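Student: What follows is the residue order along each chain.
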Amino acid sequence: MKKEIPLAITFLTGLIIVVTFFIPHQPLGTMQQRLLIWYSIVLGFTMLLGVDSLLRSNLKRLVGRTPGWPYAAVLLAGFAFTLAAGIYNWATTRSLLTLGSPFMFVYTFVIVPLQATMFAVLAFFIASAAYRAFRARTLEATLLLVTAAIVMIGRVPVGAELWDKLPVLADWIMEVPQMAAKRGIVIGVALGTIAMSLRVILGLERTYLS
Amino acid sequence: MRFFERIAAIDRRLIYLALALSVLIPLLFKMVLPTRVSEPVRAAYRSIDDLPEGSVVMISVDYDASSAPELQPIYLGILQHCFAKKLKVLVLGQWVMGTPFGELGLGRIAPLYDAVYGVDYVNLGYRPGYRAQMVGLGREIRDFFAVDSRGITLDSLPMMAGVHNYNQIDLLVGLEAGQAGDEWIQFAGARYGVDIVIGATGVVAPDKFHYLQARQIRGLIGGLQGAAEYETLIGKPGAAIAGMVAQSWAHLLLLAFIVLGNVGYFVMRRAKP
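Chains as they are written, first to last, in the numbering used here: chain A, 1 to 210; chain B, 1 to 273.
Since the hints were made in silico from the structure, they are not lab data.
Each statement offered as a hint is correct.
Derived list of chain B stretches under chain A, where covered just means 3 residues or more per stretch with a C-beta under 8 Å from a C-beta of chain A:
| # | stretch |
| --- | --- |
| 1 | 61-74 |
| 2 | 243-253 |
20 Å max Cα-Cα, derived SDA-like pairs, lysine to any residue:
| # | chain 1 | residue 1 | chain 2 | residue 2 |
| --- | --- | --- | --- | --- |
| 3 | A | Lys165 | B | His251 |
| 4 | A | Lys182 | B | Tyr211 |
| 5 | A | Lys182 | B | Gly202 |
| 6 | A | Lys182 | B | Gln179 |
| 7 | A | Lys182 | B | Gln213 |
| 8 | B | Lys85 | B | Arg108 |
| 9 | A | Lys165 | B | Leu255 |
| 10 | A | Lys165 | B | Pro34 |
| 11 | A | Lys3 | A | Arg199 |
| 12 | A | Lys182 | B | Asp207 |
| 13 | A | Lys182 | B | Asp182 |
Label pairs and their computed distance ranges (CB to CB):
| # | chain 1 | residue 1 | chain 2 | residue 2 | range |
| --- | --- | --- | --- | --- | --- |
| 14 | B | Gln179 | A | Leu48 | 20 to 26 Å |
| 15 | A | Thr108 | B | Ala271 | 50 to 56 Å |
| 16 | A | Thr82 | B | Ala271 | 54 to 60 Å |
| 17 | B | Met268 | A | Lys182 | 33 to 39 Å |
| 18 | A | Val42 | B | Asp49 | 40 to 46 Å |
| 19 | B | Gly162 | A | Arg206 | 43 to 49 Å |
| 20 | B | Gly162 | A | Ala73 | 51 to 57 Å |
If you're wondering where the values come from, they're calculated on a predicted model, not measured in any experiment.
All C-beta atoms in this analysis are idealised placements derived from N, C-alpha and C, irrespective of residue type, glycine included.
This is chain A alone, in the form it adopts within the complex (with noise of 0.2 Å):
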């Protein structure tokens, strides 16, 4: 009973989810929306399950001293003080994005700065990387690394400042050789999902439950 039970909640619910997707009218309908809200309510709780798994991990390492244990302080430091704001954000103004409030101050002068010098950092070894290991050795690495420099050239404005041709071009490989491989990728992942998605309903996929 342990495995049929969710086994037949799994089955119950995916069909009635396609069953309501594609029959909207009467009572499918209602009951379609029902469902969907839940699904939200139940992904909102397991935002909570992730918020408890961040932290017991990391006062586990903050109290046994491991290594990097000073990281393990910061966040919950970070995360504290984050939540206070936000709680005074909600407490005062019944609203976390209110323009100016400390939770937005926390936002837009500590969490963006961050998060962004994060991602920048990755142009650089974006650079170094590039140089290194993007060498002409096969016939295929030649025809990347070409079609990869008009694409990069060809799409900013530096490049029609060179020749007025290479926006054409560059436009052109988008369009047709990157669309055609990409359609290809996208019907073959569709496939792929409605494949699984059968699996799951049916109960041949059992990889969730473990």
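Keeping the supplied structure of chain A fixed, place chain B upon it in accordance with the hints.
Tutor: Okay, now just chain B, sitting in the frame of chain A:
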């Protein structure tokens, strides 16, 4: 031969420095390059420009800080265009970490056009369960957003009177740094027939070209270049046009390093006994 040895093994710190300078100098000296407007961006512009006054445009802010330099200029450009055309703007977000960007943009642009909250624009904020929400909004927005991001019930906002589902949304603009754009197209577009325009990061935009060709979306604004094109079309040069000069030089530098690396590599390989 020593020259080729050197160009085959440039110190990575030198590459970092050159890249930093190639980005900083154009921004500091406010250099400008002419922007060519591509057809996908022009189509996106026309989709908004052709809407009659009072039409409702739903904007989904689906990105966070890491993609904001590319997508926030698109968002600001679209907000300016909408408010100038006296369209009603309904903002929501599918990325919890990006929701404040919606409010920051509105706070910056709305006062310039004397747009009033609740009358000209509303920010719904974020709710979890994005796929479910995209399907559910087709039936009733209030089932998922009983109140807006300020805790005000939707029924008490004049702009929301009569706005219940996609039937009252004239255009959906998805600003995407990930998968949410595909979901908007599949659920809101394919099922409910909502007209959609997508603004996406340079990395995500190539994934959306096939939707554009199949006319599942009305227009596509790709990356900072797309944002610069949009700023050109609305006649409001901003961060994107300035940023594209820096990006141009960074791309040229990157290409130069790749060429140098290859020249050094081939000369050294030939020289080997």
